[in-house]
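Respectively, the protein sequence lines represent chains F and A. For the first sequence, position 897 matches number 897 in UniProt numbering, and the numbering has no gaps at all. For the second sequence, position 238 matches number 238 in UniProt numbering, and the numbering has no gaps at all.
These are computed hints drawn from the structure, not numbers from a lab. Glycine included, each C-beta is placed from N, C-alpha and C at the ideal position. Errors might be hidden in some of the hints.
Listed next, the in silico DSS-like pairs over lysine-lysine satisfying Cα-Cα at most 27 Å (straight line) [as the list claims (entries may be wrong)]:
{"no.": "1", "chain 1": "A", "residue 1": "Lys212", "chain 2": "A", "residue 2": "Lys166"}
{"no.": "2", "chain 1": "A", "residue 1": "Lys170", "chain 2": "F", "residue 2": "Lys63"}
{"no.": "3", "chain 1": "A", "residue 1": "Lys259", "chain 2": "F", "residue 2": "Lys26"}
{"no.": "4", "chain 1": "A", "residue 1": "Lys176", "chain 2": "A", "residue 2": "Lys150"}
{"no.": "5", "chain 1": "A", "residue 1": "Lys99", "chain 2": "F", "residue 2": "Lys63"}
{"no.": "6", "chain 1": "A", "residue 1": "Lys156", "chain 2": "A", "residue 2": "Lys176"}
{"no.": "7", "chain 1": "A", "residue 1": "Lys262", "chain 2": "A", "residue 2": "Lys314"}
{"no.": "8", "chain 1": "F", "residue 1": "Lys63", "chain 2": "A", "residue 2": "Lys166"}
{"no.": "9", "chain 1": "A", "residue 1": "Lys285", "chain 2": "A", "residue 2": "Lys314"}
{"no.": "10", "chain 1": "A", "residue 1": "Lys259", "chain 2": "A", "residue 2": "Lys377"}
{"no.": "11", "chain 1": "F", "residue 1": "Lys1013", "chain 2": "F", "residue 2": "Lys831"}
{"no.": "12", "chain 1": "A", "residue 1": "Lys170", "chain 2": "A", "residue 2": "Lys314"}
{"no.": "13", "chain 1": "F", "residue 1": "Lys63", "chain 2": "A", "residue 2": "Lys176"}
Here are some of the chain A residues that sit facing chain F, going by a computed Cβ distance under 7 Å [unchecked claim]:
{"no.": "14", "residue": "Thr36"}
{"no.": "15", "residue": "Glu67"}
{"no.": "16", "residue": "Glu70"}
{"no.": "17", "residue": "Leu104"}
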Amino acid sequence: MICFVSKKPKRRSTIIVIMPGKLKAKIVAGRHLPVMDRASDLTDAFVEVKFGNTTFKTDVCPKSLNPQWNSEWFKFEVDDEDLQDEPLQITVLDHDTYSANDAIGKVYIDIDPLLCNEAASVISGWFPIYDTIHGIRGEINVLVKVELFNDLNRFRQSSCGVKFFCTTAIPRCYRVAMVHGFVEELVVNEDPEYQWIDRIRTPRASNEARQRLISLMSGELQRKIGLKVLEMGGNAVVGYLQCFDLEGESGLVVRAIGTGCTLDKVSFGSAPNTNTHVHPSTAPASNACNSPSKDGKEPVFAEDLPSFSGPPTPFRVLPTSSSSPPPFSPSKPCSRQSSSSDTDLSLTPKTGMGSAGKEAGPLKTLLRQQTQTALEQREFPFFTLTSFPPGFLVHVGGVVSARSVKLLDRIHNPDEPETRDAWWEEIRQEIKSHAKALGCHAVVGYSERTSICEEVCILSASGTAAILNPRYMREGCLDTGNTEPRFDEPSPPSCGFCHIPYDELNMPFPAQLTYCYGCRRQKVPDVLFTTIDMPSEAAVTGKGCLIQARLCRLKKKAQGEVNATAISNLLPFMEYELHTQLMNKLKLRSMNALFGLHIQISVGENMLLGLASATGVYLTALPAPGGVQIAGKTPGDMSNEHHILTIQKRINDTIAKNKELYQINPPELTEEVVGSPIPEPRQRSRLFRSHSESSDELSELDLSHGKKDAFVLEIDDTDAVEDIHSLLTDASPPSGFYSCNTEIMPGIFNWTSGVQMFTSVRVFRLSNANLTNQGLNKIFTDLCENLLKSFYFKLRSMVPCCLCHLNFTVAVPEEELIQVAVTAVAMTFDKEQILEKPGDKTITKGCIEGEEQLQFSMELCADSSGISTQQLSKISGVPESTNVSPRDRCSTWLELIRLKAHTIRRGSIKTISSLERSSPLPEGRSRSLRSNRSFGGSSVTVVKMTPLSFLPGTRIIKYLGIINMFFIRETTSLREEGGVSGFLHTFIAEVFAMVRAHVAALGGNAVVSYSMKECMLMENPNKNQAQCLINVSGDAVICVIETDQEPIHTADAQSE
Amino acid sequence: MQGVNRARGEPGLESGCHYDALDKMAVELDVFVGNTTIMDEEVYQLWLDGHTVNDAVKVRMEGGVLEECEASADVLMSDTMDQYRTFQMCERLLHSPTKLANQLLFQIPPHRQAILIERYYAFDDVFVREVLGKKLSKGTKKDLDDVSAKTGVTLKSCRRQFDNFKRVFKVVEELKGRLVENIRQHFLLSDKLSRDYAAIVFFANNRFETGKRKLMFLTFQDFAFCGGQLINNWTVGAVDNMVEDMDVDLDKEFLQELKELKILIADKDLLDQHKSLVCTALRGKTKAFNEMEANFKNLSRGLVNIAAKLTNTKDVRDFFIDLVEKFIEPCRSDRWTAADMRLYLTHYTNSAHILDTFKHQLVWDRYMGVIKSCIFKMYHD
């Protein structure tokens, strides 16, 4: 096929072509081949090895299903640009003397990992032979090597050596020297499926053309992003997120974003704390109270406690474009929506936005040259990371998101992807301005996604506005240890990130502020929404849980601009409702913060689906949420009154039950303890005035009813009643289970080695055409709830366990179909240590050897009040305790009293000495024993997979490269393969198998940060056909069992 | 795959599943795939036993798994279908268990693989009793519905078990070396199960009659034991362990030599001498002495005739029925105890060595060794 990749630089042709590398491949053997010759029940197999335009063939190995080729080394002399773009293509064929040779299947090997000297050095192993029609058909053993010549030419277009990581955190065996910032790129091409030639070629040829094209485009994209990183002076891309948009006739877009970084490899002697997530023992809640008062803004005690009115929300989406939600004013939600610019944007990219894109071009280049500019001057101060090295994140403002509806243009010129660039540029600008409005100079946890239905495309971007420590952006800054004292604005790590970044006198949106419950010095909002993982040092009360808001909205079928307008009119309502649902559910669980918030809105022909997932948690630093109060519209109506009372009771019961379930018993730190001032009415009114002056459009509605007051739900019609019912029907996980959509579960630290990654897909057919929004909502909610119930049931043998990183994606593949795909990991943990009260621990564990250490570690895990961790901070020699201001001393003294009382209550008078830190945790030992058993033993390497950036009980010692695979599977015998379920089940299993095989061939034993980015299923049961596309990615790693687990705290001490 | 098709358009399942909220829609597709393949042993057994998805759901509900896990019936339905699908996908690999260990499609821990294989090849004693000694042919397979009706084992399960027998038979038929060892290596079965399969193969190959009414009191384990005795002592492999079919076919030379034993009954003097030696040894040691003395010639004729006739394939097939008719039944009607039997056969065998004109001691021992242990095993109610 004509494979013609856009934006390919032609500079190369003008200079002498230097051959910078040699790719060598050897075909060793095959096994379990399918029978290709019915007569003999055997196969005469041979192999074609292709790279670029060069093809080699092995001899035919006659009449064998387990052929031994043992070929010579096939050598390809290629330039490094091709090395990055092209996959090695291995085709296994059955030799036929009289007719054309039959293809058995193919293997595509991405050789990128071999181009980086720190990653894999050889690819060697058994690969499944894959055919898009028949699936896996046997396996082939292949050896691949690359020899790179080091004569780098100055005009290089390649970016060999830049490391890529899907992980959205600093990879475990690296230290970040510098974070350069946002990198993005997209490439466009025609979709082979829609080319004229597709009418005459076989489905197999078409699928293979697509697979190959996407593989090529991914390679090109990665190379280009690598170049950008090199330009910035970085050597790695972290949080690399690649997606593709199948735009149908208008083409195929592959786009990627990531965070450019300079990473230093950490040698093993001073191995970093691989467990920051697992044991956030460095997160002392009470640290807040005795941290050094180097704070530039030493809080003034007399400062007023502001009391703002308005919807208590940190969730900010400004109504500046088609994408924005209403200004939280249900009374007139359309007011912003109808503004002219919105419709313009949504309808045609060719009008206003075309020029905007062009303008952005030179600006971009200009800005790129200034490599070391401060964050503020960056074009897009965005970071795709979701967790950060300690000290990186200073303050968090709230979620920023932007959406826009576009019509895909029919005529498409692949050489000019500018339109798509401009679309994203526009969205990113919007995000940037939202962040600015929140007083933040950066956006973290940033991600982008699309939803396409026919010619309509919704582009979405979201992230968390934040203030970052600028030191990480400058050259030569980072030694985690010695930067700390130099912080411009040191905030206690356990609560600092919660402190508002914006000016409280000039608030971007109405919110209730209180003094931080951690340090009592700075203001915090009453609720915090973010898209990032919870900082490991954050102080939490109790456990977290998965919170989902689900919404369906019907829309009329329409075409073109009418359709786009209809959708963009619906979006703000959906965002608003999702947000309200989230808020209500959060309150019902008595929590005050959301992490890992992902809002997905999917468009179908006749409906829109919205799904917001996040992990709710009670941040100790934030005020306790008030209850949920029901208010009737028509007071006086007795029956109604009674009804409201019943509902109110149910709500209160639910809250009480949830508090118990998630162990939310916030320490009764009342104002008196620290002497926080109670706002006086006079000042309040002053603040209120200034607020109404500054915030223009958002203060219209006052939803909050004073401090600590309940969140009020008004029941004005039957809809609201339904809504409240649906709120209450969310089932909590069965006992022994927890769930979250973040990397780790807040409140659980003692993971054991049991890990089960899974993917589950459900498609529901709505049979009744006359569904209402209400009915649809119920169906959609039940669908998600039932999926969760199924997981709990299937994984019941792993109890106690937590479903982590639950990632739901919804789609409307066809009219009346709803598809939900979930990838997550179930991880076991040690129940005893988290559920027991401190007093019980000594009794149950008293007999175990190494009691002291055990107590110690348990304290760390179990005690969210942070008393023991405060001790820890002293032990590990954090300078904090040495430099105490009088006020700090006071609070420290208070803490000490409490600590003493606590210790005595526990029945242990042992004081914790520094000795204990240096001995390994007994728990760690037993954990490694268990995992020992689970590894090895079979002739096939066990490859563990997880969507998280780590595997509990193990330490990642090497990153082998990125796994980014795209597969198509098609069948014309759907019934014979067990219907759609059978078809997809097999396909997903095959994808897993191919990922595992590639990782094993690279020498790895695990995939971290695994995700299934796409799962598009099209079926036609009448024709007995189905087709499915799956895109997965992750980081191949080698991890070892933590046998000589370093004491977690010494690592910290070393770095200080 | 009946499991999958059920999902569509059939939300109200007769097993009492309620899709209460879901009644407005149908589950079009529902899959769950773990990186490590999740397999519930209980569901696996239900699948092996040939239950339909709905039956399996019913059984599981009755087992109380729902109450344990706060789940609903449709959760159970979904889980059961997923598991059934997984097993069906695995079945191909289970047909050649060695592949299971190095296939890449399913990541199954080794100990789980062993369980999967062992359970897949396990069989019901009632079923195997019906087909033991029959030719493992298409004809026999056609009659499996009768077997199913008679034994209560589902037809599906009958077919799996029958196919397993046939598969093992086909693979080991042409292999050199020890039968049990070959089975263990090619099918990764436990020692016990390998021995059972060896017996099944041996019976099928020699087509021993086991289905006659007179033999119904014998269990599969009785036959398996006897089969093992025959394999170990009467086959070619007992003397030479490097030939094909060594453990499957009886040693022809030995069978020929067995004809020589006829002298024990044909020679009147020898018969009398033998009788008196045995009677002298037995006298006073058992209550059944009189019956033994009276029946000696009959019994001896019975055993020696069996030996002499074994060159005929037809008579080989009737080996067990002959043993029962010619020896076990007469003794039982005379109310011999098991101890009587033991005493009698021991002296019967040993006395032959003292007969000075009897020259076939080796053949006699090889024959009587097996006969003794078979009869000991078979002599029960």
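* Which hint numbers does the structure go against, in order from smallest to largest? -> 3, 4, 6, 9, 11, 15
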